[in-house]
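Using the hints, build the complex out of the two chains.
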Amino acid sequence: MKEIEDRLSAYLRAKLGAPDLVVANLARIPGGASRETYRFRARYTSGGKQLDRGLILRRDPTASLIETERTTEYRAYEAFFKLGLPVPEPIALELGSEALERPFFVMSEVENCAPGTIMSPDPYGPHRQKVGEQFYTIMGRIAAADPRKIGLGDFEGARDVHAAAMQEVGRWEKVIEEDEREPQPIVRAAIRWLKKHPPPPAQKISVVHGDYRSGNFLVDDAGDIRAILDWEMSHLGDPLEDLGWAIDPLWAGPDPGRPGGMIPRDEAIRIWEQASGLKADPKALLWWEIFASLKGAAIWISAALEYADGRNSDPINAFSGWYTLAVHNKVLADRLAELDA
Amino acid sequence: MRPEIGTILGFTAQRIVMGLGDQGAAYAQGSAGIIAILLGAAAKEYERGADIRFNENAEIRALFGELAPLIRDDGLRRELLDAAGARDKSLRISDLNEGNYALRRLLTKLQIDAEEHGTPATRKRIWSVLKAMADRRLVQLGL
Numbered sequence: 001m002k003e004i005e006d007r008l009s010a011y012l013r014a015k016l017g018a019p020d021l022v023v024a025n026l027a028r029i030p031g032g033a034s035r036e037t038y039r040f041r042a043r044y045t046s047g048g049k050q051l052d053r054g055l056i057l058r059r060d061p062t063a064s065l066i067e068t069e070r071t072t073e074y075r076a077y078e079a080f081f082k083l084g085l086p087v088p089e090p091i092a093l094e095l096g097s098e099a100l101e102r103p104f105f106v107m108s109e110v111e112n113c114a115p116g117t118i119m120s121p122d123p124y125g126p127h128r129q130k131v132g133e134q135f136y137t138i139m140g141r142i143a144a145a146d147p148r149k150i151g152l153g154d155f156e157g158a159r160d161v162h163a164a165a166m167q168e169v170g171r172w173e174k175v176i177e178e179d180e181r182e183p184q185p186i187v188r189a190a191i192r193w194l195k196k197h198p199p200p201p202a203q204k205i206s207v208v209h210g211d212y213r214s215g216n217f218l219v220d221d222a223g224d225i226r227a228i229l230d231w232e233m234s235h236l237g238d239p240l241e242d243l244g245w246a247i248d249p250l251w252a253g254p255d256p257g258r259p260g261g262m263i264p265r266d267e268a269i270r271i272w273e274q275a276s277g278l279k280a281d282p283k284a285l286l287w288w289e290i291f292a293s294l295k296g297a298a299i300w301i302s303a304a305l306e307y308a309d310g311r312n313s314d315p316i317n318a319f320s321g322w323y324t325l326a327v328h329n330k331v332l333a334d335r336l337a338e339l340d341a
Numbered sequence: 342m343r344p345e346i347g348t349i350l351g352f353t354a355q356r357i358v359m360g361l362g363d364q365g366a367a368y369a370q371g372s373a374g375i376i377a378i379l380l381g382a383a384a385k386e387y388e389r390g391a392d393i394r395f396n397e398n399a400e401i402r403a404l405f406g407e408l409a410p411l412i413r414d415d416g417l418r419r420e421l422l423d424a425a426g427a428r429d430k431s432l433r434i435s436d437l438n439e440g441n442y443a444l445r446r447l448l449t450k451l452q453i454d455a456e457e458h459g460t461p462a463t464r465k466r467i468w469s470v471l472k473a474m475a476d477r478r479l480v481q482l483g484l
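Note that the protein sequences, when read in sequence, are chains Z and V. With our numbering applied, the first sequence corresponds to residues 1 to 341, in that order. With our numbering applied, the second sequence corresponds to residues 342 to 484, in that order.
Isolated chain V (complex conformation) (with noise of 0.2 Å):
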């Protein structure tokens, strides 16, 4: 998820600083509107960012053990076996962003050889990460 809480935090206090209210009283109530939004959706995000994170790697490296079998390509094979015995360096959210942009990569990878090759099966069975995934991401708006 881009951009990350410490982005938002400081363009958002530089904001502030630099005054909002110097372009007009229509435009700052605008502002402040989104930014008020904005920053319940971080605390939100601060509260859960991690935990999203790791379940979605965990959840991604175990599709990719659960059907690297069914691989014929053998590099491929050996890419997703070697991704599902992997492990997350860390619980910081750059760690955890670092494993998961390569994982997504792989993901892409495996969809791409399924709707080549593989079993209507297999093909719902990513399906079904994915929309957990997205499913994960959503925003909750509100304070």
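So that you can see chain Z by itself, here it is in the shape it has in the complex (with noise of 0.2 Å):
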């Protein structure tokens, strides 16, 4: 820790032109397993003004839980920090590998405020409704920004509404095709199911965050929203992609009516409507459910992999293979089936 300490203060010395910056208190913490995550104090004078600032380090891992861009999540928390969205604010990013041996960014911290679990069956107690309606207003936002007025209308992804639903699966079939070891005959019914009924064109392109869910924000203890984290998977696509995947049974915890143990589904549905002026066809919208499931069980599969083959030997990898892919595969088989009857 004190050689990677060393070696960010040079780097932010030059980064931020402070000569008499020290990073202080380096230490990892768990949470977004396709980054290495480290919390740390970067003491220093700027403006003739003594600063202890809370920064985030996040480091590209040796292997990751799904291959990203690296400069997506950071691009990412650029344009949304100018749009007045609440994220962390994007302090430098750096592509090559003197500095830290891996590609980084620092961001600042938001500090005071932790994230829900999908694990807790109440991860936000008395604030659920106030968290639930805060959540479903901010994603409806993502969805209303112009991605080209907001400097991401290059971001990776579709472009054509009429194409958005089948690209994604297309790039979804080509991580199971890779990376599956174990036949998946639930997951190839729902590639064919996705194929064979495909959603009517998208409303418009927007910028999806690709993980919108409970477990990647931050709340403070008033319940107020301050930071909406991992954008590592976004890309251009239809906004109904993040309300499909936001409202997936895996993070809905013991009660399925409540998505992410915040306001009923229906609510949420209303108040997404209203932030990003869209509609949510319910037959739309169902497609994007399958779809969420499908993308949760190709994520969950290529996490396994890495585990079982060594290449990245966090503990999240092999709970993902067992866990979390069980539950997609449930669902699917569920919906599916009931579908076809």
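Treat each hint with caution, since some may be false.
Think about it this way: if two alpha-carbon atoms lie no more than 25 Å apart in a straight line, the pair counts; the simulated DMTMM-like pairs of lysine to aspartate or glutamate are [stated by the list, open to error]:
1. V:Lys450 - Z:Asp334
2. Z:Lys174 - V:Glu456
3. V:Lys450 - Z:Asp340
Pair by pair, the computed Cβ-Cβ distance ranges are [claimed, not checked]:
4. V:Ala443 - Z:Pro126: 36 to 42 Å
5. V:Ala367 - Z:Ala14: 24 to 30 Å
6. Z:Lys196 - V:Asp415: 25 to 31 Å
7. Z:Gly54 - V:Arg446: 49 to 55 Å
8. Z:Lys279 - V:Arg428: 52 to 58 Å
9. Z:Lys195 - V:Glu400: 36 to 42 Å
10. V:Arg446 - Z:Lys2: 47 to 53 Å
11. Z:Pro198 - V:His458: 19 to 25 Å
Simulated from the structure, these hints should not be mistaken for lab results. Each residue gets a CB set at the ideal place from its N, CA and C atoms; glycine is no exception.
Following this line, the structure appears as structure tokens:
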């Protein structure tokens, strides 16, 4: 840790033009399995003032839960920070390997708050209504933003409203093709169903967060969402993709009627529609819900393979291969059997 | 189910030996929590792993035997009948998996055929087996 502190100090001194900057208290923190995440303090003088800032370092791992474009998350933070959404302030992006052996970025630490956990039966307690209203409103604001106007018009993903759905199916089918070691008949049936029953065209092309769910945002003691995190899978596509993912049963906890342990599903959809100015057509949303479980399965298959092959022995990857893949197989089997009846 | 228990126990032991605490207390605490959940699940999987695979394989073979006479494609019908009459090599997890993977591949072929040519009753019967497989493989958390 001391070596990383010293190297990070040197890097930030040059980057921020602060010759007296010192990095202290660097410690790895859990979460964000696709990047190594560290918390630290940066102490330096700026404009004659002595600063003591809490910052976060996100460094590329040797192998990750899902391969993600390293600039994607940083650029999403830049765009939505400027738009006034609750995201950490991006500070520096380094694509070279000289400073810390692997590419990384630094952002502000949003202090005195915590994420909800999907393992908790009631992650937001008395604040569930307030958190839920904010959660779906922010998601709607992301959907409403024009990617070109916020500088993300060149993001990876779909450009054509007619192609967005099948492009995503193709993307995750490829991951499954590459990483599946154990035949997955339910997952294969889901891919066939999604291809045979395409949804209506997207109402617009938006920035899709890609992992917008309970557990990927920070809440303070008053029940205010202070930061939406983990944008590394963000891309351009149908905004219903985020809604389908957020209400997936995997995040539901003990009450499937309250996705993510927040507000009832119907209320969630209504708030999202108001904030986005879009409609959540039930047929289209059903397609994106089934897609969400397929995408989840693809991620878990990929994570399990990385663990089994010894490329990433973070226990969260083994957990993904065991627990979450089994849940998504069950969700898909129940839903597809019902649709086929 | 991947990764198998042996892999999880091996990597977990390695991680503990190398030291969970060298990257900070918060990370160590988070890792220890997930490791505890994994080991609890591994203990349950040790007890039921062979049973799950043995019964799943038997159920798929029974399905093949039941539906094979309804299949028009000669090659697929023959494959189904051969698989229905086969047996697992042993009760070792690796042998049960080997048989299971072959059965799962053939189950997908059967379902594709049923989606094209089968009756609603045939498709429902296949889904009943897939649903049972999904239920059986759910992992119960907790120590």
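Name the hints, by number, that the structure is in violation of. Result: hints 4 and 9 break, sorted rising.
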